[in-house]
Structure formats: structure tokens, C-alpha cells
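Q: Following the hints, position chain B against chain A.
Chains as they are written, first to last, in this note's numbering: chain A, 34 to 446; chain B, 34 to 446.
Derived from the structure by calculation, the hints contain no laboratory data. Each hint should be verified, as a subset may be incorrect.
The list cannot tell twin chains apart, which means a pair is met if one copy fits it or any two copies do.
[Claimed, not checked] With a straight-line Cα cutoff of 30 Å, these simulated DSS-like cross-link-like pairs (lysine-lysine) come out:
hint	residue 1	residue 2
1	190	177
2	213	111
3	356	416
4	213	266
5	274	440
6	274	106
7	228	111
Protein chains: 2
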Amino acid sequence: MKAEIITIGDELLIGQVVDTNSAWMGQQLNEHGIKVHQITSVSDEETHILDALTEAAMRADLILITGGLGPTKDDITKITLCKYFNTQLVFNEEAFENLKTIFSRFGREITPRNRTQAEVPENCTPLINKRGTASGMWFENNGKVYVSMPGVPHEMKAMMTNDVLPKIKERFVTPFILHKTVLTQGIGESFLADKLVQFEEELPPAFKLAYLPASSIVRLRLTAMGDEITIRKTMDVQFEKLLAVVHPYMFGVDEDSLEVIIGNLLKTKNKTVCTAESCTGGYVSHLITKVAGSSEYFVGSTITYSYPSKTKLLNVPADLLEKRGAVSEEVAKIMAAEALNLLGADYSISTTGIAGPGGGTTDKPVGTVWIGIGSKSGVTAKKFQLGGDRSRNIEMTAIYALNMLRKVLIEEN
Amino acid sequence: MKAEIITIGDELLIGQVVDTNSAWMGQQLNEHGIKVHQITSVSDEETHILDALTEAAMRADLILITGGLGPTKDDITKITLCKYFNTQLVFNEEAFENLKTIFSRFGREITPRNRTQAEVPENCTPLINKRGTASGMWFENNGKVYVSMPGVPHEMKAMMTNDVLPKIKERFVTPFILHKTVLTQGIGESFLADKLVQFEEELPPAFKLAYLPASSIVRLRLTAMGDEITIRKTMDVQFEKLLAVVHPYMFGVDEDSLEVIIGNLLKTKNKTVCTAESCTGGYVSHLITKVAGSSEYFVGSTITYSYPSKTKLLNVPADLLEKRGAVSEEVAKIMAAEALNLLGADYSISTTGIAGPGGGTTDKPVGTVWIGIGSKSGVTAKKFQLGGDRSRNIEMTAIYALNMLRKVLIEEN
Numbered sequence: 034m035k036a037e038i039i040t041i042g043d044e045l046l047i048g049q050v051v052d053t054n055s056a057w058m059g060q061q062l063n064e065h066g067i068k069v070h071q072i073t074s075v076s077d078e079e080t081h082i083l084d085a086l087t088e089a090a091m092r093a094d095l096i097l098i099t100g101g102l103g104p105t106k107d108d109i110t111k112i113t114l115c116k117y118f119n120t121q122l123v124f125n126e127e128a129f130e131n132l133k134t135i136f137s138r139f140g141r142e143i144t145p146r147n148r149t150q151a152e153v154p155e156n157c158t159p160l161i162n163k164r165g166t167a168s169g170m171w172f173e174n175n176g177k178v179y180v181s182m183p184g185v186p187h188e189m190k191a192m193m194t195n196d197v198l199p200k201i202k203e204r205f206v207t208p209f210i211l212h213k214t215v216l217t218q219g220i221g222e223s224f225l226a227d228k229l230v231q232f233e234e235e236l237p238p239a240f241k242l243a244y245l246p247a248s249s250i251v252r253l254r255l256t257a258m259g260d261e262i263t264i265r266k267t268m269d270v271q272f273e274k275l276l277a278v279v280h281p282y283m284f285g286v287d288e289d290s291l292e293v294i295i296g297n298l299l300k301t302k303n304k305t306v307c308t309a310e311s312c313t314g315g316y317v318s319h320l321i322t323k324v325a326g327s328s329e330y331f332v333g334s335t336i337t338y339s340y341p342s343k344t345k346l347l348n349v350p351a352d353l354l355e356k357r358g359a360v361s362e363e364v365a366k367i368m369a370a371e372a373l374n375l376l377g378a379d380y381s382i383s384t385t386g387i388a389g390p391g392g393g394t395t396d397k398p399v400g401t402v403w404i405g406i407g408s409k410s411g412v413t414a415k416k417f418q419l420g421g422d423r424s425r426n427i428e429m430t431a432i433y434a435l436n437m438l439r440k441v442l443i444e445e446n
Numbered sequence: 034m035k036a037e038i039i040t041i042g043d044e045l046l047i048g049q050v051v052d053t054n055s056a057w058m059g060q061q062l063n064e065h066g067i068k069v070h071q072i073t074s075v076s077d078e079e080t081h082i083l084d085a086l087t088e089a090a091m092r093a094d095l096i097l098i099t100g101g102l103g104p105t106k107d108d109i110t111k112i113t114l115c116k117y118f119n120t121q122l123v124f125n126e127e128a129f130e131n132l133k134t135i136f137s138r139f140g141r142e143i144t145p146r147n148r149t150q151a152e153v154p155e156n157c158t159p160l161i162n163k164r165g166t167a168s169g170m171w172f173e174n175n176g177k178v179y180v181s182m183p184g185v186p187h188e189m190k191a192m193m194t195n196d197v198l199p200k201i202k203e204r205f206v207t208p209f210i211l212h213k214t215v216l217t218q219g220i221g222e223s224f225l226a227d228k229l230v231q232f233e234e235e236l237p238p239a240f241k242l243a244y245l246p247a248s249s250i251v252r253l254r255l256t257a258m259g260d261e262i263t264i265r266k267t268m269d270v271q272f273e274k275l276l277a278v279v280h281p282y283m284f285g286v287d288e289d290s291l292e293v294i295i296g297n298l299l300k301t302k303n304k305t306v307c308t309a310e311s312c313t314g315g316y317v318s319h320l321i322t323k324v325a326g327s328s329e330y331f332v333g334s335t336i337t338y339s340y341p342s343k344t345k346l347l348n349v350p351a352d353l354l355e356k357r358g359a360v361s362e363e364v365a366k367i368m369a370a371e372a373l374n375l376l377g378a379d380y381s382i383s384t385t386g387i388a389g390p391g392g393g394t395t396d397k398p399v400g401t402v403w404i405g406i407g408s409k410s411g412v413t414a415k416k417f418q419l420g421g422d423r424s425r426n427i428e429m430t431a432i433y434a435l436n437m438l439r440k441v442l443i444e445e446n
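Excised from the complex, chain A in its bound form:
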């Protein structure tokens, strides 16, 4: 059984919007044992949408469509689906009731334009959108299933979770797919591959190993498909073989991110963390606090983006800043130590560097970064020489910083 995703909208093709919907839907389908064969992004043009539907139906059994369901002129998905299925729009009472509920929540009246949002193709089962005004639609035609959903991510996600995935599980018998991923840092993709030659040669045919590099992290994903009991047993054996090879570089498994791993370590130890950020400008704190429940172990931060703020909040001596500059080992260490005192946490992360594009010197070019880690047993700092790209420097500094803290948390037992 194969699925395809079609995302509709000129904004995707001109790059004004990044298609995050497809990746999320791909993840969900995968977890339910459904392989996504292809993702296709097409324009708001009738013939293009019709072609994409015809082609996808030749390859796949399930076609998920997002976008083009708004109330405006450029939203043509509904009428194009009518043409594709040779049917017409009909007024749907349930969709209209939902529309009224949503509008009354905002204290607004329904305009004639909004009323058309309660119309759906005659041959579909409407999927009521509790978060928005555009209904989803479930079609069955010539043994294929088509699902049209709104393009607004949180509306699509709610509809997928509450309506579409349960209906898919009812309608299709799905094979069993299992993924296990190990996250590594500190070794390049090709060096990992050299270490894994024998492992890959000995992999059973149902298994596949993929290398996914991103920033300074390489994720190794082991995938298998087949009979659930056999696959689960073999996966454990194979995954342990993989871990035995990559263990020195491993920092986590599966969808764990560094911030989740750190959160779990801190919770287990019943300890807290704070940050003192300069060049990362709050990004480390943002990563930590993205995690639900982080208030259990995250106390707070100081972001000191100027010399006076470093002196006032973190007691960094003004003459040290003048003499050595903010990007130095001493300043990184003082920031980490003072943050511990100020915020009363068990661990601290400090960052100070030149994110760029301006501010570089011969001694300290753009990409020079010091990261400090503070704990009850003292303060350490490490220098990194990153590249010339501002966002990448912010991102990489945060990843390195979180990984340094992770190592300290593991070592300090």
C-alpha cells in the first residue's frame, strides 16, 4: 500500500512558505505503517492540480491533499475536485453549523462569501474542521482514497489526528514498518560509513540504513518492514550491533532532541539549569523551553548583548571586557559562574561569540565562539571556530552548548 501527498499553492513554488505539512504527514503515515511514495507541490491552476491527481492515483492507493480551501479567489481545490470526480458542490448543514460556531466564537457575522465554505462536493464525506472554516473531504473512487485538508498546519494536524488517521486505519490493512534512529555528534558521515561497512554488509534484506546529516549531527536511521514479531526481534539485535559501533559518538536515540535528552537527565537528577547568553541571543533558552514541562528544571536566563549589561547583570569587570573583549575564555567562565549565583541553578550554559556578518577581527573572525558550562564542581569553557553564516552560527553554538551540558550531566554522577 502506497500513499502520496499533494500540496497545492503558488506560495510553495515561489518559496514564500516552506511546506512543513508534508513532513508532518509523512511522519504520521509512517508511524501507521504507510509508505509515502512521493510528495508533489503544484500551483493554484486547475489543469496542474488535475494532472497531479491523475498521476498520483496511477501510483498510489491513498492521496492526501492540502491547501487551496480558503474562501478567496485563488482557492480552487474544491471546484477542481468536483471536476476531477465529475460532480458538483452541495450545501452541507453540518459544515454550516460548524461555521456558525466558529464565527460566533469571534463574535462575527457570516458573510455570503463565508457561507460558500459550507459547500462540499456531492460525492465526499465532509470532515468537520473544529479549528477553522474550511471542511476537509474524504473521497473514495475506483478503489482509491483521496483526502483534501486545509493548508493551515494546526487545522490540518487536528483533522489528521482526529479524523483522517482513524479512518485510514479502518479502511486499509497496513504492513508493519519499524524505524530506530541513533543520533551522533563529533564524526563525519563518511567516517561513520567506513566504521559501518561490515554492519551494512551483514544487514538482513528487510533492513535499510540511512545517514541523515544536519548541522554537526548525523542521525543513523535503521528501517525494516515485514512481519511485526520477526521485525521487532531482529530490530533489537541489529540496533544493538549498530550502537556497539557508533557508541562513542552517540548522544540519543529516535526522535529525541538534545533539549529533550537534557531535560530528562535533569529531571532524573532533580537538578535545574539556567543560561547566560550573548551571541545565541536567547536561542538556547528557546530550545530548552520548547519542551513541555521544562519549567520543572529551567530556572531562567540572562541575555546580555552589550558590555554594560554583562557588567551590570553578571559582574563581568568592565576592564576585562575592554582588555580581552567579550569573546574570550575568561568572560565565558564568569558568565557561567555568575548565572549560577544570580539564578540559583545547579548548572549553567554561557555563550559569547561573533555570530556575524559584522564584528569580526583578524584575531577573532566571524564564527569565533566560547561556550561555558557551570556547575557546583566548577566552570569549564571551550572555544569553537564556526563559519560565516549568522543563523548557522547561532544554531551550531546552541547545539554544541547543549551537547557540552549533556556530557557534564552524564559524567557528574
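A: Then chain B, alone, in the frame of chain A:
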């Protein structure tokens, strides 16, 4: 002239990686007057890649391909391109020199596996990758151009900018496309559309208006294609007509983000800003400091994620926190006022709320947020009732907060 983008990799289809490359390439091509007809993501399978290449070549003149160029077993783009063009891999001296330079930079020796990365299909012009070990490839075949690039975003971006776009401009005569976008907040898509009925009816045939809703923002994009001089003149007239209608909701134009607009306002006024964040956990600061040159106007922040940190850093009375809770008008106002004092800035943003999923009560359900703005003329605070999704609550709070500051910056003249 049409272009298509093909992104290769199982990680895209199972949703482990979001395809951000396509959007970026789409933007770049668009700015050069090249329309992207379709974006297709396919698996690491030979037949699938071959099919996608054949189909894209039937529709488009230029095919940009990313991914599958690494040194590992699952990277099959190069040998698949050989099959497609009926050619073979040859060792390329220039690519090997580049490989040696990159490896020596990291003090590493070239393994036999890495040496194969200097091999390219015989019929291509190699594009040297100064940031990585995988060369790009430029093919011309039956009047069509194919370009294969690495999937690592920063490597692909450097190659597009330095090599691919200049070569495309040499090789193709491109029509003129112009986009103008206006950013609005505080009005829904369908209400905007009602106000724009007459404007849309009167639009010249070369023009198209698109509605792009995202979080609490709706972007309106006006696009025209044709003769440069005519289009530029007509665009100005049409864009002014559009602005006249949406002016009360407008906060920026084109690719400006709120953080860039605020940065420009602060620079013009020669003023500074700081933040005092609770529920946004550093995300407001991160947005502000993402902008290059933000150290000119951003002083720093306090992130206070616990009661004691709010009391210690921002003098929020402990009994007030006990009595009213952290999520209240009083606390938002004190945080904004105290941040001004502590960090010595001209303006401040404070956020305090329940991001969720836990922590909600009957009085203050998840999504309850107070945002404060401080300035020399006083402190104001506003309550927002957002939804149940943690990341969305963090993101929306940051957008609302930046927009409140923008309004204050414009009003306080």
C-alpha cells in the same frame, strides 16, 4: 520558460527532515524571473528517480535536483544520473583538489570512500563545492538543463548563489516577474477578501492576488509578469490601490518580518529595546537577535521561568505572585518596567502566560497570556487568549508582542 525541483531522499518522505531547500530555491528562481512549475520529492530508489527526471523533463526546461550525493550506500543520485544520460563516472582532478583542501582543513586523511566523491558523470560540468565534499553537476541534454546539488542546505545555497544562478542567467532568456507583498494583522482572510472584491475585479489580466495566512498574519501578494517597464509602472499603481484598502491592518511590505521592521524603527529613532520573558522562554529575543546588526539596538533580556527568579531579577513581589499568580496584568507590567531599569533600555517587552500543555486552571486556561510594553512614557499590558498548542502559543505570543512594540514605536513620535 519553466523550472522544476526534484528533492531526493527517503528522509523527506518519512518526514524526518523538512524540505526547506525547495522553498529557498523557489525564491531565488522567482527573483530571477523563472517560474517553478512543480516540486517533487522522491525516494532513494533508482526507478523512482529516473521516472521523476523523465516526467520533469517533459514539462520543464530547467531541472534542479538536490540530495543523494553523500559518500554512503544510500546516496545513489550520481550513478542514477549516469544511467539517465547513458554515461559513466570519471575521476575529476579539480573535484579531488577541492576534496584534499577540505580534508586538510580538518586535519583528516582521505579514505578510498571519500576519493569516490571526486568522480562525476562524464557528460557533466562539475560545480566545485567549497563547503563540502560532494561536487555539484551541470548537464545539458536535448535542450534541457539539469543541475544536481548537495542536499545540505548551506552547501546548496552557496553553490546556487555562486555558480548555478549565474550560469542560468547566461544560458536562458528569462521573462520579467514582479511580486509585491503587504503584511497584515488583525483581520481574517475572508474579511480581507470582502474588502478587496472591487480591487480584484479591476486588476489588469497580467496581475494576480494571493492570500497567504500564517499564525495571526495574512500576507497579500500581488504578482505580475510581462514587459519590465510596463509592469513596474502598473505595479506601483496597483500596489497603492491595494494599500489604500488594507492600510488599517498593514504592518509591513515584501519579505520584511516584524523583527526587521522593529529593528529599522529603533535604528531610525536611535533607541534600544530589551525583553523580560516568561512563557516565550527567550523566543522574542531570538527573533530580535536573528537579525544581523541587532546589537545596535538590542541590549539584552531576563528570562524568568520561576517565581524566585521573577522576584530576584525583576523585583516582582513574592506576595503578589502568590496572590495573583505570574500570569496577570500586574506582573506583566512590573516585568516590563523593571527590565527597563535593569537593562537601561528605552523600550521593553514582557511576556507571561501559560504555554501549555500543563499548568492551566479554570480561571487561566492554557493559552492565557499577558504581554507588557514599557517605555519612558509608561507601561501598558494586554491580555490574549490563545489556544492549546505549546509551540503555537510561544510563536503567537512573540508575534503579538513584537506587533505591540511596533505600534508603540510608530505612535510615540
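Q: For which of the previously enumerated hints does the structure constitute a violation, in increasing order of number?
A: none
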